[in-house]
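Make a model of the complete structure from these sequences and hints.
Residue numbers (my numbering), protein chains in the order written: chain A, 1 to 259; chain B, 1 to 190; chain C, 1 to 190.
Just so you know, the hints here were simulated from the structure itself, not pulled from any lab data. Just so you know, even glycine gets a beta-carbon here, dropped at the ideal spot from N, CA and C.
On the chain B side, residues computed to face chain C include the following (Cβ under 8 Å):
id, residue
1, Ala2
2, Leu3
3, Arg8
4, Met15
5, Val16
6, Gly54
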Amino acid sequence: MAATVSLPVFEGPIDLLLQLINSHQVDIYDVPLAEMVDAFVAEVATWEAVDLSTLSEFLVVAAVLVELKSKRLLPGPDDVEADEELSGWEERDLLLARLLECQAYSAAADAFTLMMEYASRSVPRQAGLDDGFAVHAPDLLEGVTPNHLMAAYLRATAARPAPVVDLYHVTVDTVSVAEAVSELEVRLPRVGTATFRGLTRHLTTRMEVIVRFLALLELCKQGRVALDQWGTFGDLEVTWVTGAPTTVSVGAVDYEYEG
Amino acid sequence: MALSEESRAIEAVLMVAVEPVPAGLLAELLEIPVDRVEPLCDELIESCREDNRGFAVVRIAGGYRIQTHPDLAPYVERFANVGVSSRLSAAALETLAIVAYKQPVSRAQIAALRGVNVDGVVRLLEHRGYIATVGRAPGPGQPALYGTTDAFLERMGLDRVEQLPPVEDLLPGPDAVAELEEQLRPAADA
Amino acid sequence: MALSEESRAIEAVLMVAVEPVPAGLLAELLEIPVDRVEPLCDELIESCREDNRGFAVVRIAGGYRIQTHPDLAPYVERFANVGVSSRLSAAALETLAIVAYKQPVSRAQIAALRGVNVDGVVRLLEHRGYIATVGRAPGPGQPALYGTTDAFLERMGLDRVEQLPPVEDLLPGPDAVAELEEQLRPAADA
Chain A
1 MAATVSLPVF EGPIDLLLQL INSHQVDIYD VPLAEMVDAF VAEVATWEAV
51 DLSTLSEFLV VAAVLVELKS KRLLPGPDDV EADEELSGWE ERDLLLARLL
101 ECQAYSAAAD AFTLMMEYAS RSVPRQAGLD DGFAVHAPDL LEGVTPNHLM
151 AAYLRATAAR PAPVVDLYHV TVDTVSVAEA VSELEVRLPR VGTATFRGLT
201 RHLTTRMEVI VRFLALLELC KQGRVALDQW GTFGDLEVTW VTGAPTTVSV
251 GAVDYEYEG
Chain B
1 MALSEESRAI EAVLMVAVEP VPAGLLAELL EIPVDRVEPL CDELIESCRE
51 DNRGFAVVRI AGGYRIQTHP DLAPYVERFA NVGVSSRLSA AALETLAIVA
101 YKQPVSRAQI AALRGVNVDG VVRLLEHRGY IATVGRAPGP GQPALYGTTD
151 AFLERMGLDR VEQLPPVEDL LPGPDAVAEL EEQLRPAADA
Chain C
1 MALSEESRAI EAVLMVAVEP VPAGLLAELL EIPVDRVEPL CDELIESCRE
51 DNRGFAVVRI AGGYRIQTHP DLAPYVERFA NVGVSSRLSA AALETLAIVA
101 YKQPVSRAQI AALRGVNVDG VVRLLEHRGY IATVGRAPGP GQPALYGTTD
151 AFLERMGLDR VEQLPPVEDL LPGPDAVAEL EEQLRPAADA
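Structure, rendered in structure tokens:
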């Protein structure tokens, strides 16, 4: 299902509108963007189920249109100094280059789909070695212990891809504070004292760091860690309070953050 | 000698098969009477011989399969031995771990857990004597169920499989995950 | 067309291989110079085509492999229950295209091109094995640089990345560019 729009100057699928504007058959100046968005929102309201693909496709095209129109509405070269004029041209060149590049990658994506589709019609032979061949190989389990095997099992069962939601543009990291608390509970008693930087060095997203911070605050509130900071913007020093109860009521910390 | 369309189809099916394919199944796939299968396979067998191919189509107990021509065994054996690394790949180790913890388990169940085709890896592990067929699952096709062998236990220094470090299955099963994925997918495929 | 002894040996080796076999390894097995491998494989490829076999020998991801002929997909799919590889979303495909054409490329560079956060998509592609970290950029934080993998080439049916359609073919034509440029000119100028 593609998003369609109905405007004084155009009626049809929105990506076609973009093509027409690009090929100069419709002037972006004449396209009332607010009306277009209103019409789309009204159409969305009639949907029985939310179709994320159509929604995001609309958003992308609408964003490009807004960008195009804002450029079109920019004051002309008459109003600007020579330097600014030049930088205005430079900006337009960059925008043009980006638009072209985006179109090229979009075309590449279509080509990839076709190539993958064609390649998937052939299945490689996977039968492996016929029976009866002698393989004089070293013992493949050399150095593998039952614990390695357990780790491999956990890896295999945990490595399942997260359910893929075609959110298209949004990255959602769900990290629970409760999980961070349990992790710190294990880690901190072992090291005694650590810095916040040290505790978050292995993390990749800002949200994970924030959640770790909230977990520390939670532990501090429960009197189980002491926090010290030497000076403004200094590194936070975290000390595990010995003698504190060893198990936290994780159930008490059940809020989740989504970024 | 150019092959007939049906012979080509049989050849393609045998190419991807890991185990011998029964004549009945071939007939079903091609939607032809089962007594047409034998002449078609004979045509294949004959064409391989005539064209001096490096493989042969053979009829063995349980059906047809493709195997390398016996006179090329030296090359195949050399390949089998140069290609072997001295350690199991991470993927192979994970597959072995799944068999060890979940036995008896079918290839389809392992594939569902690993998310990829595991035929080659299972064959390698079977070939090395770490796992073996321990039974057959009920239901269509009666797929083989795999378990670990005594040789595996011996190498791991264990008496019984139960001595493996315990793991807790905290994760939802593959069915539950697949169902969840289905629900989360937007109405139209992007 | 009867095959030469060397071509037969290559065919036999490819029959038992579970991943593409590099020309160098084939040369080693047959004890021939590596530049003799390609003509021999071409002979094999040609003989399969000429004799209308149900399989094909192809050069893929830097090696040779045997796979079923594409026009027999209906039979093979019914038998092998393939199609495990799920489709990629438009966003994932475009991101994959950027990595393929611009590799090595950092996440920030991809995000700048796509105009949106690409962390999730990059993670998905990495998880599927189509892209991998191939190095680190100099500078603060030493961001990871991504490139495509052999699994990507296999999925695309390609031997080398260079076989991708040239980017010039994908760009809009000169007329379209001129008009787009015109469009971007400020109002007073138009």
